Amino acid sequence: MTKLSTTDLLCRFSGLVAVNKVSFAMDEGEILGIIGPNGAGKTTFINLVSGIIMPTAGRIEYKGRDITYLPAHERARMGIARTYQLIHPLENLSLVENVMVGAIFAQGQGLKTARRTAEELCEELGLSDVDRDTARLSILETKKMEIARALANDPEVLFLDEVMAGLNADETHDLIATIRRIAVERRLAVGVVEHVMGVIRELTHRVIVLEAGELIAEGPYDEVSRNPRVIEAYLGGAA
Amino acid sequence: MAAKQNGNKGKHMALKRRTAILAALAAAATVLILLWKPTVINNGLQQAGLYAAIAIPMGLVLGIVHIVNLAHGEFMMVAAYATYFACKALGMDPLFAVLPAAAVTALLGWVVFRLTIQRALKAPELNQLILTFGIAIALTQVVNILFTSQTYKIPLEYVSASIDIGENTFPVWSYVFVATAILYAVGLRLFLTRTTAGKAAVAVGQNPRGAAIVGIDVNRSYGLVFALALALVGAMGALFLTKSAIFPQVGSPYTMKSFCLVAMAGIGNIPGILGASVLLGLSEQLLRAFRETRAWADIVFFVLIIAVILGRSVSWRRKK
Amino acid sequence: MNRNIARAVAAVVAAVAVALPAFAGAYPLQVARNVMMYMALAITWDMLLRSGQISFGIAGLFGLGAYAAILGVVRGGMPVWLSIPFAAVVAAAAAFLLGFLILRLRAMYFSIVTLALAEMFRIVIHNLHDFTGGPEGIVMPAGVIFGGNAAALYWLTLAGLAVALAASWWFEKSRIRFALTAIGNNEISASSSGVNIFRWLLVAFTVTSGIQGLLGGIYVQSYGFATPDGVFSADFTLLPLAMALLGGMHGTVGPVLGAVLLGLVSEWLKLKIPYGHLIVYGIIIIIVILFMPAGILGLARKMSRGAEGGKS
Ligand SMILES: Nc1ncnc2c1ncn2[C@@H]1O[C@H](COP(=O)(O)OP(=O)(O)OP(=O)(O)O)[C@@H](O)[C@H]1O
Ligand SMILES: [Mg+2]
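Protein chains in written order, with numbering that gives the first Met the number 0: chain A, 0 to 238; chain B, 0 to 319; chain C, 0 to 311.
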């Protein structure tokens with residue numbers, strides 16, 4: 000069943016077209032890779048579907064409903080969640096309180112219930128000592144907290160923007176397993192942006208490739224990685 | 000990289016468009032009023048010159064150091080006081096004090112920058128705002144302690160110079176402010192585009208980290224720009240004294256009005272400040288021209304600032 | 000354990016505060032009133048600050064409340080006691096409506112526009128001679144509330160402070176804390192967590208402005224007259240701001256601490272240097288921002304953490 004789809008989605012920043020007529024669809028339970036060279040428009044694409052920026056043209060549908068111009072907080076309440084490439088834990092709030100925010104505002108829970116939800120999420124992700132100051136978290140824990148914060152929205156669609164960046168091999172494996180487990184248990188549709196192709200191969204069912212804002216290829220990773228256009232996009236980006 | 004340049008270009012065009020619109024509006028209003036109330040034009044332009052000459056240095060600081068200096072008008076006030084007492088002691092005309100006042104204020108600005116603002120450059124923007132607010136209070140109160148709230152004025156004959164045309168009398172002295180404003184705008188443009196120090200300052204303003212990498216001393220550039228801006232404001236302090244009485248709070252409205260004008264023009268757009276000043280000066284003088292509306296002239300500025308800032312922010316949001 | 004001690008201390012302080020008129024003379028009571036007034040304003044300023052918005056408009060809403068109260072009685076024939084809540088309602092309503100415009104602004108734009116609004120209110124009151132009494136101000140024909148009884152006036156201000164404290168406590172204990180903290184940290188990620196940013200800013204702005212208006216009402220009825228330059232005085236913006244900064248922002252305790260310290264110092268300075276005693280505020284703002292941006296509380300916390308670290 001299609002959860003989220005876009006049609007000819009276009010985003011222009013004074014002259015620069017960051018996302019150019021992208022059409023895609025994401026199904027329940029699917030883990031979709033979103034790849035492309037630096038500046039391809041991956042983050043912008045996530046910003047568009049999560050409502051952080053409004054598109055110049057095109058259409059976004061969520062569970063059959065047009066959400067193209069819906070504000071971000073309403074999308075969060077409907078079940079779209081995301082993490083950020085640059086993680087910023089909320090200062091003055093403890094680990095569990097950071098996670099509570101989504102439960103309170105996206106799910107509308109009272110403080111007590113929200114706290115229980117957040118504690119459960121922390122446990123699910125293997126975060127202990129939940130009353131800690133966020134300054135004392137390791138990198139892996141910070142990433143997990145970021146995911147827990149997104150899950151606190153009780154989402155049906157989740158976007159992860161480069162969550163693996165900065166992790167070593169063991170930690171990356173740990174996180175891949177965690178994400179897969181969560182996706183299955185919650186029947187989530189997950190969109191994963193990642194530069195490390197090993198992660199994409201291991202984690203995703205299918206990928207879409209963006210280059211200069213355009214969707215240039217789509218399909219299982221092994222197939223897409225042999226696509227000459229994709230290879231050229233990456234080489235061109237590297238050169 | 001390409002994206003960034005593109006963005007800048009877009010911004011630049013938007014700035015130009017805004018300046019053009021402001022200029023066109025001002026011109027249209029000017030012609031209409033000129034036909035109907037010629038004194039309003041005369042007073043309005045002079046007023047505009049005063050506003051612009053004070054606002055341009057603030058625009059310079061905001062554009063390059065990225066600091067809203069809430070003590071801006073207060074520095075002018077201090078310069079005016081210094082000029083007053085120097086002139087009293089030496090029996091000289093404030094006009095001769097313009098350059099010394101500029102030098103003294105620049106030095107003061109440099110010291111204040113080094114001691115305070117420079118330390119807060121990396122702090123959140125709001126800390127800087129509060130810091131300069133504190134500096135404004137400190138300056139006002141120091142003057143208040145030293146000279147009480149009494150007003151001081153130097154009576155000068157030439158400030159009442161005027162020209163009679165038909166049945167109207169047009170005072171002309173304040174055109175010195177207009178000349179100063181234009182001089183500032185042109186001079187700054189030349190400084191920022193032609194001199195090494197100016198080019199370095201522009202580079203620092205656009206990208207401090209990049210400028211540091213290519214070996215520009217960022218803090219020195221900031222300090223220089225700040226001191227330069229204060230030199231310009233200091234000179235205005237001496238000129239201001241020719242025309243007006245001074246008291247400790249005399250500078251504070253100019254801080255706000257300057258910020259309003261800079262915001263109207265768009266940060267980094269110095270010629271735009273001239274246009275915005277004309278709009279403000281003319282509207283104020285228009286209201287002053289009628290007894291019923293005279294008292295409301297001071298409010299024009301608030302209406303303008305709110306309208307312009309809001310209008311701008313709405314269009315920003317749409318773009319985002 | 001710690002919490003119990005804190006509660007006990009709070010209870011003792013509250014009891015002393017309520018009973019103060021029993022053993023203090025007129026002058027200490029007057030000083031206490033001033034301190035409490037600024038303390039309450041400092042708390043409300045801090046409450047909005049928790050969302051990252053710095054208002055320079057305290058004096059504007061305070062003055063608006065003051066005029067609402069006095070005009071409600073003089074022009075509207077309202078009973079004096081009612082004029083005080085009325086002041087709160089007027090200020091809150093004004094903030095609510097203006098909020099739709101100015102809460103779109105951020106950072107320096109928001110701050111400067113709030114500063115401009117305060118000036119604008121002053122000019123409007125100044126110019127509407129016939130209704131407001133113009134620059135000369137307006138006098139309560141019946142004089143000061145409670146016939147000027149020092150103890151009653153003290154309790155009235157104490158009640159205003161209690162409202163501010165209660166509201167601040169509510170902001171700290173309810174979901175508002177999460178909303179404002181999230182907004183203050185990062186609006187984009189807050190909205191991704193379902194926070195309706197505008198709505199919560201509007202709540203915070205309306206509530207804090209309402210309390211500022213209430214305090215204006217209390218102030219004006221305690222003196223029996225209002226002038227534009229008096230009730231819109233920049234002091235009502237400057238002093239609370241400096242107090243909250245000195246004590247430590249983002250909480251109730253900081254502004255309270257700062258207000259006690261600065262309030263007492265300024266009363267003393269007022270006697271020593273009648274002209275320009277405000278200079279301490281300027282200097283304190285500068286020093287605090289440069290050397291202890293988290294205020295006295297932040298400094299204390301850092302030191303206690305340092306001591307802990309040294310032990311382990
Ligand atoms: N708010 C904005 N204003 C102007 N240009 C922007 C904005 N956001 C992104 N861009 C530009 O849009 C393009 C796409 O950026 P985006 O961040 O989406 O790329 P990305 O694929 O996420 O890259 P990376 O892999 O480096 O994270 C870039 O050229 C970027 O400079
Ligand atoms: Mg990205």
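Treat the hints with care, since some could be wrong.
[Unchecked claim] Think about it this way: if two alpha-carbon atoms lie no more than 27 Å apart in a straight line, the pair counts; the simulated DSS-like pairs of lysine-lysine are:
(1) K62/A x K20/A
(2) K172/C x K269/C
(3) K121/B x K198/B
(4) K172/C x K111/A
(5) K172/C x K121/B
(6) K87/B x K152/B
Hints were generated in silico from the structure; no laboratory data involved.
Nothing here was measured: the structure is a model prediction, and the numbers come from that model.
Now for the hints, and whether the structure bears them out:
1. K62/A x K20/A: Within the cut-off at roughly 21 Å; holds.
2. K172/C x K269/C: violated, 38 Å
3. K121/B x K198/B: Distance ~23 Å between K121/B and K198/B Cα, so the pair holds.
4. K172/C x K111/A: holds, 12 Å
5. K172/C x K121/B: violated, 32 Å
6. K87/B x K152/B: holds, 10 Å
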